[in-house]
Amino acid sequence: MQLDDLDFADDLALLSHTHKQMQGKTTSVSAVSAAVGLNIHKGKSKILRHNTTCNNRITLGREASEDVKTFTYLGSIIDEHGGSDADVKARIAKSRADQRTQYSEKWRQIREE
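In my numbering, the protein residues as written are 534 to 646.
Because the hints were derived from the structure by calculation, they are not lab data. On a predicted model such as this, the values are computed, not experimentally measured, just so you know. Every residue gets a Cβ at the ideal spot worked out from N, C-alpha and C, and that includes glycine. There may be inaccurate statements among the hints.
[Unchecked claim] Below, simulated DSS-like cross-link-like pairs (lysine-lysine); rule was C-alpha separation at most 27 Å, straight line: (1) K627 with K579; (2) K575 with K558; (3) K577 with K602; (4) K627 with K639; (5) K553 with K602; (6) K639 with K577; (7) K602 with K639; (8) K639 with K579; (9) K602 with K622.
[Claimed, not checked] Have a look at the derived ranges for each label pair, beta carbon to beta carbon: (10) A630 with K575: 30 to 36 Å; (11) K639 with T560: 52 to 58 Å; (12) A564 with A630: 42 to 48 Å; (13) T634 with K553: 44 to 50 Å.
Could you build all of it, start to finish, from the sequences and the hints given here?
Structure, rendered in structure tokens:
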């Protein structure tokens with residue numbers, strides 16, 4: 534693996550079809566990163582499984598990575614079902630909150646006039 538394969542050094546998603554492939558990629562990224570002075574934060578490393586019955590843990594060094602049902606990658610919510618429902622719902626909620634804030638601010642300005 535070459536470092537130019539990395540999009541963002543602080544936000545990386547590895548995709549694999551098998552546990553063996555994922556463990557190999559994890560080990561490879563760790564080794565290449567260490568060679569150039571980068572460290573992987575083991576506490577922030579998460580595993581999301583999609584459409585698999587394999588529950589074998591992915592390890593980073595001697596520590597097992599945490600399994601999660603959702604995570605956020607580059608601002609988008611990814612879930613174990615492979616859909617975007619959670620992301621769309623979160624974006625709609627944020628938009629509604631922003632609209633309420635703008636409405637409240639506009640109403641306050643009108644009352645002050």
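Below or equal to 27 Å on CA atoms is what counts here, so check K602 against K622. 16 Å, holds
Please work out if K639 and K577 have their alpha carbons no farther apart than 27 Å. Distance ~40 Å between K639 and K577 Cα, so the pair is violated.
Measuring from beta carbon to beta carbon, are A630 and K575 in 30 to 36 Å? 34 Å, holds
Is the hinted pair K602 and K639 satisfied, with a Cα-Cα distance of at most 27 Å? 39 Å, violated
Consistency of beta-carbon spacing, A630 to A564, with hint 42 to 48 Å: Holds, since A564 and A630 (Cβ atoms, about 43 Å apart) stay within the stated range.
Between K575 and K558, does the CA-CA distance stay at or below 27 Å? Given that 27 Å is the threshold and the Cα spacing comes to 15 Å, the pair holds.
Would you check the hint for K627 and K639, treating anything up to 27 Å between C-alpha atoms as holding? With a Cα-Cα distance of about 18 Å, the restraint between K627 and K639 holds, given a limit of 27 Å.
Hey, K639 versus K579, does the alpha-carbon distance stay inside 27 Å? Violated - the C-alpha atoms of K579 and K639 are around 42 Å apart, more than 27 Å.
Distance restraint between K577 and K602, which requires alpha-carbon spacing of 27 Å or less: Measuring from Cα to Cα gives roughly 14 Å; hence the hint holds.
Please check whether K639 and T560 have a Cβ separation lying inside 52 to 58 Å. Roughly 55 Å apart at Cβ, these two residues keep to the hinted range, so it holds.
Does the Cβ distance between T634 and K553 fall inside 44 to 50 Å? Holds, since T634 and K553 (Cβ atoms, about 49 Å apart) stay within the stated range.
K553 paired with K602 [C-alpha distance capped at 27 Å]: 21 Å, holds
Hint violations for this structure: numbers 6, 7 and 8, all remaining hints satisfied.
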